[in-house]
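A.B. asks: So the sequence lines, in the order shown, correspond to chains A and B. The number in our numbering is simply the position in the first sequence, starting from 1, with 38 added. So that you can map any letter, position 605 of the second sequence is 601 in our numbering, and since no number is skipped, the others follow by simple counting.
Note that these hints are calculated values from the structure, not bench results. For every residue, glycine included, the Cβ atom is placed at its ideal position computed from N, Cα and C. The reader is advised that the hints may include incorrect statements.
[Stated by the list, open to error] Distance windows between CB atoms, simulated:
1) A:383 / B:637: 23 to 29 Å
2) A:397 / B:800: 44 to 50 Å
3) A:383 / B:535: 36 to 42 Å
4) B:754 / A:383: 54 to 60 Å
5) A:397 / B:109: 40 to 46 Å
6) A:196 / B:728: 37 to 43 Å
7) B:442 / A:382: 45 to 51 Å
8) A:292 / B:666: 49 to 55 Å
[Stated by the list, open to error] List time: in silico SDA-like cross-link candidates among lysine to any residue, alpha-carbon distance up to 25 Å:
9) B:501 / B:489
10) B:708 / A:389
11) B:501 / A:234
12) A:136 / B:641
13) B:587 / B:725
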Amino acid sequence: MGQRDVSAEVPNEASVAEAVATALAAIAQAATTAELSAAKYEHNGDKSFLGLANRAIGGLAPDERKAVGLLVGQARGAVNAAIAERAEALAAAELAAKLQAERVDVTLPVAQHPQGAIHPITAMLERVGDIFTAMGWEIAEGPELEASWLNFDALNFTPDHPARFLSDTLFVDPPEANKLMRTHTSPVQIRALLERDLPVYVVSPGKVFRADEYDATHLPVFHQLEGLAVDKGISLANLRGTLDHLAKAMFGDDIDTRMRPHYFPFTEPSAEVDLKCFVCHGESVGNPDRPCRTCRSEGWIEWGGCGIVNPRVLAACGIDTDVYSGFAFGMGIDRTVMFRNNAPDLRDFVEGDVRFSRSLKGDAR
Amino acid sequence: MRAPLSWIRELADLPAGLSNAELATAFTRAGLQVEHIECPADAITGPVVVGQVLDLVEEPQKNGKTIRWCHVDCGPHNPESEPSRGIVCGALNFAVGDFVAVALDGAVLPGGFAIAARRTYGHVSDGMICAADELGLGDDHSGIIVLGHADAAGDFVPGSDALEVLGAYDAIFEIDVTPDEGYCLSIRGLAREAAQAFGVAFHDPYLTPVPAPSQAGYPVVLNSASCATFSAVSIHNVDPNAPTPPWMSSRLVACGVRSLGLRIDITNYVMLESGQPIHGYDAAKLTGPIVVRKAAEGEQIATLDGQLRTLSADDLLITDNTGPIGLAGVMGGQTTELEAETTEVLIEAALFDAPNIGRTYRRHHLASEASRRFERGVDFNLGFAAAARCAELLRDLAGGQIDPAYTVAGSVAPMPVCDVPAGLPSKILGIEVPLDKVVGILQASKVSVELLPDDVLRCTPPTWRRDLVDPYDYVEEIGRKIGFDSIPVVVPRATSGRGLTRLQKARRDVTHALVDAGFVETLTLPFIGEDDIDRLGANAMDTRRMFVRLANPLDDTRPYLRTTLLPGLIAAANRNTSRSQDDLAIFESGKVFVNTVVGEPPSPTPPVDKRPSDDEILEIYASLPDQPHMIAALLTGNWLPATWNAPAEPVTWQHAVAFAETVAAALGLQVTRRAATRAPGHPGRCAEIQALHGDEFVSVGFACELHPDVVKANGLPERSCAVELNLDAMIDFAPENGEVSPLSSFPLTKQDVALVVDATVPAAAVEAALVVGAGDLLESLTLFDVFVGDQIGAGKKSLAYNLRFRHPERTLTEVEATAARDAAVAAAAAATGAVLRG
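With the hints as extra help, turn the sequences into a complete structure.
C.D. replies: Rendered as structure tokens:
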């Protein structure tokens, strides 16, 4: 009988303590979850000393059963706790090792999406349009190939006005057909006055055309935004208010405008509107140490033309000039992008180099 | 207009301490924008003094040139205990005794030209006798400046500051004069505005009253309404050798006018001062009466610039018995011009019709100081006074005798009277301007004001104010004089706007959707040539050849307006690829122009004194060709470049189609495709895009891989793709209001089918049949596999679809789903010959 008959032997404190010590040592030595499983089987499994001891409890005399049961139960509990603790530690270590192994270079370029871009002119037109729609104005549009009557006659251009010459305006062949590429978006204003009920508050953004040079500062096709308000009691003060609001909305609350008397056939009084330089705020004027390339150290940037709608224009649209008055203004959008975003060459606006549209990204909005 | 300050001050008593900046601000506030202020002396440092030539020796040089070795008395600037400085001079236009301008050792002239004593031509030249251009006073380098001859000794002190004598310290204001302020193309007009701005006295040198018409002088006949008045004054025995005094030539040069001899200089001086163009004739060469008339068509004149010009019947001529002697208001003729020996001078000061002169100088490309002034409007009453001032200057400076018998032909209409409600300026300017202030300002502007009952001001403008016609013109005058910066800032309250229109919102949504999808927006010039359409492979009947032609194209090779956006995109692509940007997905959204107006009737031009009738308005609108708003894209190279983790994805027809579907999706528009043959497409890879309009599909454009010939003709990368869509039509067809149907929460049943069809059957046809056959239970379907291979036979393809069925109100049974699937397959079989793959 070489083998000890465990079932025949009543577990005592010493034997249980020894089995626990052996088990704890094996658990502590387990370096992997697999080793830990093996240790668990060997030292706390059904055929381990403690497992057999547990089974043996049922065969004991009732007076022994309670004490031995307690002894064995506590021992197995201690071993189980040690196994659980070890299992948690091993799992954490193994997860850490796994995650370490999964490390990537997060600076690598990720799955690409082609980089689209809106044209800065479109973005600027949307921006200005939004400012005016927020003020309750509407956006009016019209054809780019226009009738001479709408582009010139109704706007109080005399028959001999230089703008009507082939040297200034692109005409559809033959010129006697009175069709041309609109030289401003003002014909849209005439259409608005002919088609809409008063009062009218509209802005008209769009392409305009001139028989002009094609160089860094001139384009034969460019973009304008014009505004027209015709209502009872409209005054030059309202025009100043509107332009000032636009300037502040686009360039900041501290940006003022100024108006200088000027001449246009379709407005009287007429003015040019200048924008306080939003870069130097006028501090470059007379200060050669701090030149400003945005305003050329003049403190003001020429922005556009404006004025009170000439009553002759309203009359051509059948509006009672004793009751209604209006103001109008217009500015170059390309030029605005040019000075606002430091675009050096107008040709870039129409040559389609994808770097141009991409360069402004969200800033143009 | 360039205006020297000294000249303005001569006519206006401006405050002594007034700075240039203050004056510039006052001009700009009055609508006379000062572009810049320059002072020639600012570009010069060191001494430039008056010298008198004591003697000179001409020394011919080996290089063929003759130099003059001069001794010049420079007063206190002579070398110690010497009576003069020795100076070498290359010019020959001066004499012993003449006074000249000498730049001394240490002077630096414009352009950084430093003067120092130096050895040259065998002498030590101790300074330089200056020409006008060397001092930055105009461009004259024909000789050195002669300040005066020996007989003017009392006027010059050797050694004194020559820049002072030359007026080089005078500030020159360069002023942008607007078209309505023609009277400010004169010192007289500018000085008057300056005097009014500062409330100081103005001295008008042109107060000679207009005399009654007279033919006592040289006979003048006016045979055209384009010449209202013509004053002629004769001056006899003018000294042809009298020099122009430096004060006059320096002012001319400051104004940008070359000094051309005293007699012509005087006419120019008076024009600059008064604004009235003057012409001087050699009276000895005139034959018979001066007749002002329109030219005969094709008549010719040799103008002063030596050109023979062929005239239009609209051109106004000055003639005598020999024929044309001047192109009125624009340029004189050669035959009667003032010459070196002229002693008998006839001065012309006429009033010509402004638009007529404008047309003539543009027709002949002859913009001149005179024509510019006539076009902007000359003072109606100035002619005789200006001629008289001219005559007086010829008398005073050239010893001429003024003939007391003068001619004044014609007369001018009275100035237009305008009744202005006294409250109008306040109402329109938005600032209260009291009646007395309104009247005060107008009177200061020399408007005659009569107060009528009901606070109406009856205003008559002065003869130089052609711009004052309508009541609002007077409002502007009040506004200019109180200053626009004094007007308050009041934002008007617009009536409730409705935001963007459906069209505007849709266009924006489309652009943003495309940008988000990876397309780059471009804007291109809309001019094309026929060859642009040829290079698209379009046939002779292609609608893209329905061109609108420009009368005056900027580039003769591109005389048409674009009928398609593609040529512009191709040019943009070429530019990008030339700059090594080969992977492109560019698009443009814009109008094209289609010549749809049959017979090209002219657009009506009804009168503008009242609203045209509704019929006239519609006729104007209808006269214009169609201008649909298109959207197009061009794709080249790779949609995505090769990266570390993925191979390159080249652009294909699918990206072009995806563009179209992105547009449709942004609009909520249902589109379908069918194979099409359309330039510039690859015949096997071109899809016509059709949009659902009502209950039928209508073509709205195409998406394609480009035909290899098109690729080659346009220098594009191989396999480039393009798409062009009629955006107006797509927006028009798009549903107005979306509808949310009830969402079923019952379980989904999936069924897969694989159908074998002929390879030529479009997938879209199979799909359409499946959808119809499956009925309402079908929620969606997806084509998940396309297979071609031996297993299914040659000329066949297998299309595998996943069908998703769901019932709106209950759980669908497998039997119902299968029945629906079978119905779908049956429909596909009937429509396309599809066979369920076994």
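A.B. asks: Does each hint fit the structure? Answer for all of them.
C.D. replies: Now for the hints, and whether the structure bears them out:
1. A:383 / B:637: 23 to 29 Å: holds, 28 Å
2. A:397 / B:800: 44 to 50 Å: holds, 45 Å
3. A:383 / B:535: 36 to 42 Å: The hint (36 to 42 Å, Cβ to Cβ) holds, given that residue 383 (chain A) and residue 535 (chain B) are roughly 39 Å apart.
4. B:754 / A:383: 54 to 60 Å: Holds - the Cβ-Cβ distance for residue 754 (chain B) and residue 383 (chain A), about 56 Å, lies within 54 to 60 Å.
5. A:397 / B:109: 40 to 46 Å: holds, 44 Å
6. A:196 / B:728: 37 to 43 Å: holds, 40 Å
7. B:442 / A:382: 45 to 51 Å: holds, 48 Å
8. A:292 / B:666: 49 to 55 Å: Roughly 51 Å apart at Cβ, these two residues keep to the hinted range, so it holds.
9. B:501 / B:489: The hint holds at about 24 Å.
10. B:708 / A:389: This hinted pair holds, its Cα atoms lying about 21 Å apart.
11. B:501 / A:234: holds, 20 Å
12. A:136 / B:641: holds, 23 Å
13. B:587 / B:725: Holds - the C-alpha atoms of residue 725 (chain B) and residue 587 (chain B) are around 13 Å apart, at most 25 Å.
Hint check: no violations occur; every hint is consistent with the structure.
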